[in-house]
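Peer 1: 1056 is the number of the first residue of the sequence shown in the working numbering; add one for each residue after it.
Hints are computed from structural coordinates only; laboratory data are not their basis. Mixed in with the good hints, there may be bad ones.
[Unchecked claim] Quick list of in silico lysine-lysine cross-link-like pairs, BS3-like style, CA-CA up to 27 Å:
#1 K1215 / K1179
#2 K1216 / K1205
#3 K1126 / K1179
#4 K1179 / K1216
#5 K1177 / K1205
#6 K1126 / K1205
#7 K1215 / K1205
#8 K1216 / K1177
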Amino acid sequence: MSPDPGSFKDVNEKLPGLQAAVGAGGVGMSDSVYQALLANRIVFLGSEVRDDNANAICAQLLLLNAEDPHKDIYLYINSPGGSVTAGMAIFDTMQWISNDVATVAMGLAASMGQFLLSAGTKGKRYALPHTRIMMHQPSGGLGGTASDIKILAEQILATKKEMAELIAQHTGRSVEQIESDSDRDRWFTAAEALEYGFIDHVYENAAQITSDNAPNQ
1056 MSPDPGSFKD VNEKLPGLQA AVGAGGVGMS DSVYQALLAN RIVFLGSEVR
1106 DDNANAICAQ LLLLNAEDPH KDIYLYINSP GGSVTAGMAI FDTMQWISND
1156 VATVAMGLAA SMGQFLLSAG TKGKRYALPH TRIMMHQPSG GLGGTASDIK
1206 ILAEQILATK KEMAELIAQH TGRSVEQIES DSDRDRWFTA AEALEYGFID
1256 HVYENAAQIT SDNAPNQ
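Build out the structure end to end from the sequences listed, making use of the hints.
Peer 2: Listed below in structure tokens is the structure:
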């Protein structure tokens, strides 16, 4: 999908807050690259999930929703995972907006990256053929007083259950199976992720995405 200079200009005119949202999340690429991607309704997560880039991604999703509440948004994911709370902010924003959010895994979608991949709109979750997907349970460092450690441990267990329930909902697997399979790092090839239910398609190129499952193309 090549950026269209006309749409680039159009988006900047319609969404005056776009440059600020892009600047907040730029990692290793110039703002102009992110602007060109956003002009084509592409949001890119290419690093660890953190508060700063999660805020930027949420802002980008909201801005694209404001521009057109019906047209698909594409979230490309190449991420080792990261902050659970930051990832949950992205997840909730994906559910909040009216647009279908298609997710595309490339390279690595691990931990929170896997969670966001499987949270895409059903039928519009893709992986490139050499992608690796990894699922595991959430973790957190324990420190402080005995009471603090107890509280944090309870929060981790609650988060583990919540995420297992959501992954089960998006994959069609049982909560019990998700909890068992995520007890330790579990790795999937793209084909295995398709069979498990994380994704709906394994494609080698964007031309394979049909108008039926990508109406904005």
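Peer 1: It remains to establish, for every hint, whether it holds in the given structure.
Peer 2: Hints, one by one, checked against the model:
Under the criterion of a C-alpha separation no larger than 27 Å, the hint pairing K1215 with K1179 is consistent with the structure, at around 26 Å. Distance hint between K1216 and K1205 is fulfilled; the C-alpha atoms sit about 17 Å from each other, no more than 27 Å. Distance check on the hinted pair: K1126 and K1179 sit about 13 Å apart at the alpha-carbon level, within 27 Å; holds. Of the supplied pair hints, the one linking K1179 and K1216 holds, its CA atoms being roughly 26 Å apart against a limit of 27 Å.
As the CA atoms of K1177 and K1205 are separated by approximately 38 Å, the hinted pair breaks the 27 Å bound. Between K1126 and K1205 the alpha-carbon distance is near 45 Å, which puts this suggested pair outside the 27 Å criterion. The suggested pairing of K1215 with K1205 holds, with an alpha-carbon distance near 15 Å, which does not exceed 27 Å. A distance of roughly 22 Å separates the Cα atoms of K1216 and K1177; the hinted pair therefore holds under the 27 Å criterion.
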